[in-house]
Amino acid sequence: MTEKLKRVAIVGIGSTTKPGNIHPFLSWKELVADAAYEAIQDARGLKPRDIDGAVIAYHGEGVNEQGGIGGSVADLLGIAPAPVFPHSMNCSGSAVALNTGWEMVASGKYKRVLVMGFEKEGDNINYTENINISFDTEYDYMFGFRHRDGFELMSNYYMKHYGYPDYKSYAAMSYAAHTYGRMNTKASVYGKPMPTFESLETPNSCFSMMGEGAAAAILVPEEDACLYTDTPVYITGISLACTSHYIAHRVGEEPMGPAFPNGLKREETYGQSVALIEAARNAYDMAGITTDDIDVAQVYDLTAGSFWFLDGLGITEYGKGAQYFIDGKAMLDGGAIPINTDGGNIARGHASGADGLNQVIENVVQLRGAAGIRQVKDAKCAVAACVGSAFAHMTVVVMTNDNFNR
Amino acid sequence: MNKVGIVSYGAALPRRRLNVDEIIDLWKNTAPDLVKETQGVTERGVLGFDEDSNTFAVAAAKQAFKRKAVEQDIDTFYYGTCTNPYDSRPSATMVAEALDLDYFTKVMDIQFSTKSGTTALIGAMGMVASELSQKTLVIGADTINRHTAPGDLLEPYASAGAGALVIGQSDLVAEIDGVESHSYDLSDGFRVEGERYIRSGMLLGSAKNEVGLYAQTVAAATRLMERLGTAAADYTYGVFQQNTPATAYGIGKQLGFQKSQVEPSVYAGEIGDIGSASALVGLAKVLDQAKPGEKILMVSYGFGSGADAISLTVTDMIDTLRGKGKTVDQLLTDKTMVDYKAAMKSEYKYIRHAYPLNAYL
Amino acid sequence: MSTEFQEQIYRHTTASCTRSWRERRGRYLLEGTRCKECGAVHFPRRTVCSTCNSRNLEHCQHPATGTIVMVNICWQATGVHFGYGENIPRISTVIRLDDGVTVLAEVTDTELDKIVAGARVEMVLKKLHRESNSTWMYGYKFVVIEGGESGDGE
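As you go down the protein sequences, you meet chains A, B and C in turn. Heads up, the first sequence is in this note's numbering, so the first residue is 1 and it goes up one at a time. Heads up, the second sequence is in this note's numbering, so the first residue is 1001 and it goes up one at a time. Heads up, the third sequence is in this note's numbering, so the first residue is 2001 and it goes up one at a time.
For the record, the hints were derived by calculation from the structure and aren't laboratory data. C-beta atoms are modelled at their ideal positions from N, C-alpha and C, and glycine is treated no differently. A couple of the hints might just be wrong.
In silico negatives: residues of chain A with every beta carbon more than 12 Å from chain C [unchecked claim]:
1. R7
2. P83
3. E103
4. A106
5. G108
6. T185
7. N204
8. D224
9. M256
10. D292
11. I294
12. A370
Derived contacts from chain C toward chain A, CB cut-off under 8 Å, selection only [claimed, not checked]:
13. P2044
14. T2051
15. R2055
16. C2074
17. H2081
18. E2106
19. L2128
20. H2129
21. G2139
Using the sequences and the hints given, assemble the complete structure.
Shown next, in the form of structure tokens:
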């Protein structure tokens, strides 16, 4: 399969600042334009009308009463009549959009693809009621449950089942996020006083900072990358795994039927995301890497989710994800793989539809060697993993730079 | 008339309870002694956020089916309530679905004030006696608390609950000896179209009972006993409408019953006025302990609707139902106390925005 | 529901009764599906069997009793939609019913310290939120009937 597909490079990135804040002066169109044009400018010499295809993700029509968004985006960016493919996949939307953008370039049909994601929640007072529509709505949603309940249920189970009696792991993860966020000028916490470790020893320290923002990336085939940048970053592995939205199905993951991943026991998976394990395997296979190759990782952080993200990515054994943070391994000087080096949803901020791309953008910055004081030394291979809904859609993206030996 | 009687029974009561002292302390419009000593009520049942007449109805019927698994045989269902969550749409259909009754069941809502339950029972008797029905499910359920205004003098008594009976011709645990009813047009309590709160139509006091509660219960019961040739002394138990324990004892006294005959059925002191469920839950409490051969006189009353008097004789099958469902005593002791402000919240009595954005603003 | 002012307030979704009507037996009776080809049982109901991909499914009423596997007790009212944040704490559990299917549900009418993994529960019917067309919706919740040992509930 891979012989016929082109290798895809990211040559431009852009994102709005403070995605954990509401920006009342900016409409969704201005957020999207800001991110997109920053990415276009970052791709040296690229002109807006060179874009021959685009993908955009957001939470969906229910959220800000804005549907049929393809045409609106083509128009607002001044790239009409280029095709714009919308995605609505919860918080994983922009990572799914990246997947589609990758396919568009890898197929050879498109040469300069703009991938975007945004969230504009402040225009809707009952925004959370609308994002909850991005669920399988007949049961859980109708009973008033929402994605966060899924996270909290699994978090409580994980902490109990794997033997973590207190919230030191939450404090460690949150402290790491807050530390990194203050090294990232685009983060919502940048410039703010640093919380104490003790103040973070509570289950409330690992909630994402919900806000508004947009993120964008420019994808081109490998052979064109040098036209736009001296530091291309390649998408070498990318995957999406989809399964039932129903939170109860996380126990045993029955909807996967006979496709339940080999080597996993169903009872092992209650505090894990099986779809993530599957997506990680696929992305690593495609990229030809193992966890030993990973230099930096961005994982979706909400409650104890990061712990089983590390487990699912194979960075830790099942149940050891929390210990990883307690041992300080997420930090730059932790002697292991630094995690969420831009501050993550907790400190950089969480503009849902842009989350996946924000993770990827941080990895691009790291792989370009442009991360300044938060630079992971000699970063050559980076992984980003994102979640949609209560573990219904799981994305994993593996990226490398020119220094990585294939 | 063919022999007709009770095959099974069940009850459901709210877990949340409010001490009447809190109500009296806030409104200061009545005397603690009047409420707690004279009327005899110390706590009232409070409606939970997710409860209404229908949820109690379903729970009571499930208790009846736990005692005897006759749900497959139900071919008629009469649902009595005067606090239907819908004004112009039935609730019996929803309760029937939730009980998985066959879609060809003859289903009916009955609204007859707080004697809707016994009125439904009388209707059920006809269906079974005429053999139009093999087994009829009867439920009396109400949420008087939801429909009683804060500061109303009757607020300390306002409660909720449901009683369920399965009526049939065979395997009877109690046979119905006879019924009588009495009604005339009197607005001693009412709630007109479009209004939330039930109101009293007369000053509270003995005159109200003279013309309403006592007048009609005595008329119906006396006529029944005359026709059957029974007297108060023939009945082991008197199950009388318990707006409060005082109304039950009051009716008993008017009919010549001793307090000891009425006491076994009295529960309202701990939970208040449960409307259409009142007589049926009093009956359930008696059936929880009754012995074969004992006679029961049940007399219900509904404001504006009058009284039903029903005479029953317990059979030797009563023991077959023991130990299978929750007794009324168990329902009374399974409780959690709430305070007045929490009660107002869960009974939705605070005035809110029509447009629910308060969680975010 | 009438308003005091002439101008009505518009929302962009007002549900037809059909949608919740189609799922009523799922909400009232825990009715799901069973695959006639391979015997797999499902809740909520499916149109395609996830084990063998057959379309040959039949209604299946799942048992009303089960065991708690996961618990969350939430003390924050904000962001809980449809008004479920009125009743705080909000208790959510994942329950494994006695035939193996799992369901996410609220536990009610139970003291908090009894809501633990391993506890046995039974379904009760309760009132849910009021739909966007202002009718009442009802559905399953659970009460604890027997204690659990705070194990993992597996």
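Hints, verified against the model:
no., hint, result
1, R7, "holds (35 Å)"
2, P83, "holds (27 Å)"
3, E103, "holds (26 Å)"
4, A106, "holds (29 Å)"
5, G108, "holds (33 Å)"
6, T185, "holds (29 Å)"
7, N204, "violated (9 Å)"
8, D224, "holds (42 Å)"
9, M256, "violated (7 Å)"
10, D292, "holds (32 Å)"
11, I294, "holds (30 Å)"
12, A370, "holds (36 Å)"
13, P2044, "holds (5 Å)"
14, T2051, "holds (4 Å)"
15, R2055, "violated (14 Å)"
16, C2074, "holds (7 Å)"
17, H2081, "holds (4 Å)"
18, E2106, "holds (7 Å)"
19, L2128, "holds (6 Å)"
20, H2129, "holds (6 Å)"
21, G2139, "holds (6 Å)"
Hint violations for this structure: numbers 7, 9 and 15, all remaining hints satisfied.
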